[in-house]
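Engineer: One-letter residues, chain by chain:
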Amino acid sequence: MSEQKEQPDLTRRDFIRSGVRGALLAGVGAATGGLLARSRSGDTVWQIDPEKCIACGNCATYCVLKPSAVKCVHAFGLCEYCEKCFGYFDLDAPDVETGAENQLCPTGAIKRRLVREPQYEYKIDEQLCIGCGKCVAGCGQFGMGALFLQVRHDLCINCNECAIAAACPADAFRRVPADKPYLLKKKQ
Amino acid sequence: MKKRRGISTTGVIIAVVITVATAAAVVVILRFDPTGKGGSGLGEQFVYDSEQYRKTDPNLIHYKELKPIETGLKVARGIAVGPDDAVYVAGDRKIVAFDRDGKSIAEIALGDPPQCLAVEADGTIYTGMIDHVEVYSKGGRRIAKWPSVGDDAIITSIALSDSDVFVADSGNSVVLHYDKAGRLVNRIGQVDKERGIPGLLVRKPCIDVAVENGKVLWVTNPGRWRVESYSFDGAPKRHWGRQSQEIEGFCGCCNPTCIAVLPRLRQAQSSHGWLITGEKGLPRVKICDETGCLRSVVAGPEAFAKGTVGLDLTVDSRGRVLVLDPVAKAVRVFVKKDD
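In order, the protein sequences belong to chains A and B. Per my numbering, residue 1 is the first one in the first sequence, and the count goes up by one each step. Per my numbering, residue 1001 is the first one in the second sequence, and the count goes up by one each step.
Check before you lean on any hint, since a few could be wrong.
[Unchecked claim] Each computed DSS-like pair below joins lysine-lysine, with the alpha-carbon atoms no more than 30 Å apart:
id, chain 1, residue 1, chain 2, residue 2
1, B, K1067, B, K1237
2, A, K111, B, K1067
3, B, K1329, A, K186
4, A, K52, B, K1336
5, B, K1204, A, K52
6, A, K84, B, K1237
7, A, K84, B, K1193
8, A, K186, B, K1306
9, A, K185, B, K1329
10, B, K1074, A, K185
11, A, K185, A, K123
12, A, K84, B, K1067
13, A, K185, B, K1067
[Claimed, not checked] Here are some of the chain A residues that sit facing chain B, going by a computed Cβ distance under 7 Å:
id, residue
14, G57
15, H74
16, A75
17, F76
18, F86
19, L91
20, G138
21, P169
Think of the hints as simulated: they come from the structure by calculation, not from any bench. Glycine included, each C-beta is placed from N, C-alpha and C at the ideal position.
Bound-form chain B, shown alone:
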C-alpha cells in the first residue's frame, strides 16, 4: 500500500521561519536609509523646534517694508542717520552713505574695520573701531583718532548729544562718556550698589546706546534682558524688560542687542521715549513705550533669514525704521502701514 505523503510539522515550522525571515528582510530593506533623507527617526522630544516663535500675529505688525538699500558691503556692522536723513553704514573697511532714497552719495575708506558709527547734524562722523574712536569730517577727512580704550575693549555703539559722545565698550561692560574733544568725562553702567546699578551683563559684544532728546542715555543690558536709562552723570533713571520667547519680552539668553529712540512724531503724547528694539536668536524688531509695553512690531522673525545675528537699527526724522541686515547686507526700510 502506498504511503500517503502528508505535511510534516517540521515542514510547517521551516515554512513559517522562511516566511517570517523574508518578511523581516523586506521590512529591513524598505526601511534602510543610508542617505539619511528619512531623518533621524528620533522622537519629538529630541527635536529642537522654535518655529512657533518665528510667526508673528499679523495684527501686531504695523509696519510695511519698502525697497531695501543694498550696501555693497561684505560685512555690514553699524548704521546711523545723518543730516537730511542720509543713511550711513559702517562695514568692511569703509563707511558708505546713501541719500534718503537710497542713492549712493559718499564712501570713506578707513584703515581698520569699523564696528559702529554716529553722525552729527553737521555731518561729522564718529566711528568706533574695535578699541578706539575716529572722527571724520563730512567730506571724509579724518579729524581725530582718540586713544585706545584698552586691550579688552570691544566698541559696539556710539551715541551723540550736543556736547557729549557715549561709547559702548562691550569688552569691559561699560559706557564711556566723552566730551566732543575726546576727553573722558565718566563711566556709566558699572556695578554700583549704592546707586542700585547691577552692572551691564554682556554675552556677545552687543551693548547699544541711544540718546533721547539730548538729555537721557538709553543702554541695552542684554544679559538682564532689559534696557536702562541714565542721566549723563551716570545716575540710573529707569529700566524695563523681561525674558520671554513671546513677542512681549526679550528672547534667548541675552537681548535686546540694539535700540533706537523713536522720534516724538510717532509717539502718542508721551513725555518719555518710546524705543525701537532689535533682538537676535529670534531676530525681530519692535516698538515699546516708556513702560516697556509692546506697541507695535516692525518686523517679526519671519522677515529675516534664520540665524540672523548682528542687526543694527536707527530711525530717521520721518519715522522710517532702518534696519541693517547683515545677512542681506542691506538696509531694510520699514514705514508705518498707514503712511
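Next up, chain A with everything else stripped away, as it sits in the complex:
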C-alpha cells in the first residue's frame, strides 16, 4: 500500500494570499488585454453618420454607459434660429411660450435665448441630454436638420464591439479615424 502524503491544512492566511495573487494576475491580464484592445482600435473610433441616422432612440438605451455617450449636437451654421423651432417645441405646442409643457425634449436639455427678434439660439445641455434623438427627428422633419446625434469622445470608451452600432437599424454607426472623430453636417 502506497503511503499517502498528508496534505497540509490551508490556513486562512494562505487562502487570502493566494486569492490576492490570483486577483493581481487577473488584473495584470485584464490590463494587458485592455491595452492590446486599445492599441488595436486606437486608430479609429465609433461615430454616427448623421446622413444615415434615423433618430430611432436606440443610442439612448443600448450604450454600455448610462447615460449614453451619444449626445445631440447643434450645427449653428445650418440653423435658421427659428422662432418656432420644432426641435425645441412640442409638435402640438399651441404657441411659442417656453413652458415645460410646450418643450419637446423630455429632459429639458435644450436651452433657447433671443438673439434678435424673431431669431432664437438653441443650445444643448449635454449633462441633461440622453441622446434619445427626439429633437433630431423634429428638426429634421420641419427644419434644417441642424440638430443631430454624435458619439462624444470625451465620454465614449470606444468598445471594440459597440453595442449601439450592433443595435442601429440604419447602419449609421461606423469607425472613423481617431484624428477626425466627428462627422459634422454641412449646408447642402
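Position chain B against the provided structure of chain A, taking the given hints into account.
Structural biologist: For chain B alone, coordinates are given in the frame of chain A:
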C-alpha cells in the same frame, strides 16, 4: 441511533438564491436584444410622433389623382404651364416639356442647373439659375442672360405678367421686379415700417411668387406662415395665414413653400384669387379662399413620401393642379373629383 437528516436553513437559502439567480438570468437572456429590433425601450415621451398629422379627413379631399408625368430628371426643381397647357419642368441642367397628356415635346439643354421657371403665352421661357435669369425662345434658343443678382442670391421662383417679370430672391429675402428687357423696376417685400411691411422671413430658400389676373403679386412669407399680396409698385395689399399643424394652418417652422393662383373657373364668384398652397414637413397641397379659409385639400401628407421637401406646383387652364414631386421625380396630376 441514526441521526435524522433534515433540510437545513442554509440549504433553503442556497436553493432560493440559485432559483432567483436562474430566473433573473433567464429574464436577462430573454430580454437581451443586441440587434436593436425590439426598439429603444424608451417611454412614449421620448418618441417623436407626427403620424396623427399625416392623415387627412377624406371629406376635405376634393381632388383625385390621375396618372403622373414622369420627368426623367434626377433632380426636379421647378414647374410651369405654357401655351396649350404644356407642362414645363426645370431640373438637372435642362428644361423638359410635355403636352397636356404627358407626352414629351421638347428638351432644352442649359449650362447651369435651373431652380425655377415661368413660361409666357407665346412660349418664351424665363428660367432662374441660382443668381441670374436666362430667357429662351419657344424653340430653345437662348435669347438673353440677365446679369447676376449678387453673390448671396438664391433665385427660387419667377412669375410673369404682360409686361413684368417678378423674381424671388430667397438669398436676399426680396422679390425683384423687372421689365421684360431685364431692367430692374423695384424691390418688393423688403422691411418698410412706414408701409407696414415686416419683411420676408426665409429659412430654407423657398420664396415663391404668383401673379393674379395680371394685377396682383402674391408672395409666400414662410417664416411668418403667411402669404402676402402686393401691387406691382410694392404697396402691400393683403395677407393671410397662421401657424398650425392642423390642415387649416401652415405647419412647421416655415411654410408655405409654394403657391399658385387658382383660375377663375374654379372659384365661386370670388372677386379675389383663391390660392393653391404647398407645404413641407407635412407635405400637403390645399386650396384657400381670399380670406385664407380652407376650401379644399388637393393632396394630404399621405399622398407623398415621408420627408418630401421641395414641392413646386402650378395649375393649368382647365384647373388641373400639377404638383412637381421631387422624390417621385414626377409631375403629379390632380383633378376635381366631380370632373
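Engineer: Compare the structure with each hint and give your call.
Structural biologist: So, going through the hints one by one against the coordinates:
A distance of roughly 38 Å separates the Cα atoms of K1067 (chain B) and K1237 (chain B); the hinted pair therefore is violated under the 30 Å criterion. Taking the CA atoms of K111 (chain A) and K1067 (chain B), the gap is near 48 Å; set against the 30 Å cutoff, the hint is violated. As the CA atoms of K1329 (chain B) and K186 (chain A) are separated by approximately 24 Å, the hinted pair is consistent with the 30 Å bound. Of the supplied pair hints, the one linking K52 (chain A) and K1336 (chain B) is violated, its CA atoms being roughly 39 Å apart against a limit of 30 Å.
Proposed proximity of K1204 (chain B) and K52 (chain A) is supported: the alpha carbons are some 21 Å apart, at most 30 Å. A hinted pair counts as satisfied when its Cα atoms are at most 30 Å apart, and K84 (chain A) with K1237 (chain B) qualifies at roughly 26 Å. Among the hinted pairs, K84 (chain A) with K1193 (chain B) is consistent with the structure: their alpha-carbon atoms are about 23 Å apart, no more than 30 Å. The straight-line distance between the Cα atoms of K186 (chain A) and K1306 (chain B) is roughly 22 Å, inside the 30 Å bound, and the hint therefore holds.
Taken as a hint, the K185 (chain A) and K1329 (chain B) pair is honoured in the structure, with Cα atoms around 25 Å apart against an allowance of 30 Å. Note on K1074 (chain B) and K185 (chain A): the hinted pairing holds, with a Cα-Cα distance of about 23 Å set against a maximum of 30 Å. Using a Cα cut-off of 30 Å, the hinted pair K185 (chain A) and K123 (chain A) holds, with the two alpha carbons roughly 16 Å apart. The straight-line distance between the Cα atoms of K84 (chain A) and K1067 (chain B) is roughly 37 Å, outside the 30 Å bound, and the hint therefore fails.
Distance restraint check for K185 (chain A) and K1067 (chain B): the Cα-Cα separation of roughly 37 Å exceeds the 30 Å cut-off, and the hinted pair is therefore not satisfied. With a cut of 7 Å, the hint placing G57 (chain A) at the interface with chain B holds, because the nearest CB-to-CB distance is about 3 Å. Nearest Cβ of chain B to the Cβ of H74 (chain A): about 15 Å, over the 7 Å cut. The hint is violated. For A75 (chain A), the suggested interface contact is broken, since its CB lies about 14 Å from the closest CB of chain B, more than 7 Å.
Interface hint status for F76 (chain A): violated, as the beta-carbon distance to the closest one in chain B is roughly 14 Å, over 7 Å. Annotation: interface hint on F86 (chain A) holds; nearest CB of chain B at approximately 6 Å, less than 7 Å. For the restraint placing L91 (chain A) at the interface with chain B, the shortest Cβ-Cβ distance is roughly 6 Å, inside the 7 Å limit, so the hint holds. Here the hint on G138 (chain A) is kept, as its CB sits about 6 Å from the closest CB of chain B, short of 7 Å.
Below 7 Å, beta-carbon pairs count as interface contacts, and P169 (chain A) has one with chain B at about 6 Å; its hint therefore holds.
In summary, the structure is inconsistent with hints 1, 2, 4, 12, 13, 15, 16, 17 from the numbered list given earlier, while agreeing with the others.
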